[in-house]
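Enquirer: Sequence:
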Amino acid sequence: MNAVCFLDEHHYKRYHMILRRLNTRNRSNHSFQSILFLATGNLQLLQLFSDYFFPETGEFFYQELLAEPIDNRIVEVERQLLVQLYNGRTTLTVIEVIDQLNPKDLELALGAIQIRSFGADEGIVHR
Numbered sequence: 242m243n244a245v246c247f248l249d250e251h252h253y254k255r256y257h258m259i260l261r262r263l264n265t266r267n268r269s270n271h272s273f274q275s276i277l278f279l280a281t282g283n284l285q286l287l288q289l290f291s292d293y294f295f296p297e298t299g300e301f302f303y304q305e306l307l308a309e310p311i312d313n314r315i316v317e318v319e320r321q322l323l324v325q326l327y328n329g330r331t332t333l334t335v336i337e338v339i340d341q342l343n344p345k346d347l348e349l350a351l352g353a354i355q356i357r358s359f360g361a362d363e364g365i366v367h368r
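Read in order, the letters of the sequence shown are residues 242 to 368 in my numbering.
No lab work stands behind these hints: they were computed from the structure. Each residue gets a CB set at the ideal place from its N, CA and C atoms; glycine is no exception. A portion of the hints provided could be inaccurate.
Simulated restraints on C-beta separations [stated by the list, open to error]:
no., residue 1, residue 2, range
1, Arg262, Leu284, 24 to 32 Å
2, Arg266, Asp340, 17 to 25 Å
3, Leu351, Ile311, 16 to 24 Å
4, Phe295, Gly360, 17 to 25 Å
5, Thr332, Glu250, 33 to 41 Å
6, His251, His271, 28 to 36 Å
7, Gln285, Thr331, 28 to 36 Å
8, Asp249, Asn270, 19 to 27 Å
9, Asp312, Arg266, 31 to 39 Å
20 Å max Cα-Cα, derived DMTMM-like pairs, lysine to aspartate or glutamate [stated by the list, open to error]:
no., residue 1, residue 2
10, Lys345, Glu317
11, Lys254, Glu317
12, Lys254, Glu337
13, Lys254, Glu309
14, Lys254, Asp362
15, Lys345, Asp249
Put together the whole structure using the sequences plus the hints.
Expert: Written as structure tokens, this is what we have:
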């Protein structure tokens, strides 16, 4: 079983609120689980992401998301990671993730990578 640690109760609730809107097939897809975990952990990223992701249909306009100008380096790195977790269309190095993210956002990124690899169980743990 893969227990996932959410940043806080709000992160946990945002994640599940959007996850429930996905169709059953996408809800168990590790790519969708990982991008929702990452996006719902950073409110600035979530605001940007929500303009290009439509849970009911599973459509994600990632090229348009990547074209959006951003002046926050943390959100930029997380945006690239989001697309890479979804479909591998960006190239983000481990060093960029480590060097550019603060401890909280690095924990968020590592959790998203974990979910992409192993999925998220129903018995999710939050702090």
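Enquirer: Does each hint fit the structure? Answer for all of them.
Expert: Status of the hints after comparison with the structure:
Checked against the hint of 24 to 32 Å, the C-beta distance between Arg262 and Leu284 comes to roughly 18 Å, which is inconsistent with it. Arg266 and Asp340 have their C-beta atoms about 37 Å apart, which leaves the hinted 17 to 25 Å range violated. A hinted range of 16 to 24 Å for the beta carbons of Leu351 and Ile311 is consistent with their spacing of about 21 Å. The hint said 17 to 25 Å for the Cβ distance between Phe295 and Gly360, and at roughly 22 Å that hint holds.
For the pair Thr332 and Glu250, the beta carbons lie near 34 Å from each other, so the given range of 33 to 41 Å is met. The beta-carbon spacing between His251 and His271, approximately 23 Å, falls outside the hinted interval of 28 to 36 Å. Checking the proposed 28 to 36 Å range against Gln285 and Thr331 shows it is violated: the Cβ atoms sit about 18 Å from each other. Separated by about 25 Å at the C-beta atoms, Asp249 and Asn270 satisfy the suggested range of 19 to 27 Å.
Taken as a hint, the range 31 to 39 Å holds for the pair Asp312 and Arg266, whose Cβ atoms sit roughly 37 Å apart. Under the criterion of a C-alpha separation no larger than 20 Å, the hint pairing Lys345 with Glu317 is consistent with the structure, at around 15 Å. For the hint linking Lys254 to Glu317, the alpha-carbon distance of about 24 Å lies beyond 20 Å, and the restraint is violated. Distance hint between Lys254 and Glu337 is unfulfilled; the C-alpha atoms sit about 29 Å from each other, more than 20 Å.
A hinted pair counts as satisfied when its Cα atoms are at most 20 Å apart, and Lys254 with Glu309 does not qualify at roughly 27 Å. Distance restraint check for Lys254 and Asp362: the Cα-Cα separation of roughly 15 Å lies within the 20 Å cut-off, and the hinted pair is therefore satisfied. Distance check on the hinted pair: Lys345 and Asp249 sit about 11 Å apart at the alpha-carbon level, within 20 Å; holds.
Hint compliance for this structure: hints 1, 2, 6, 7, 11, 12, 13 are not met, and every other hint is.
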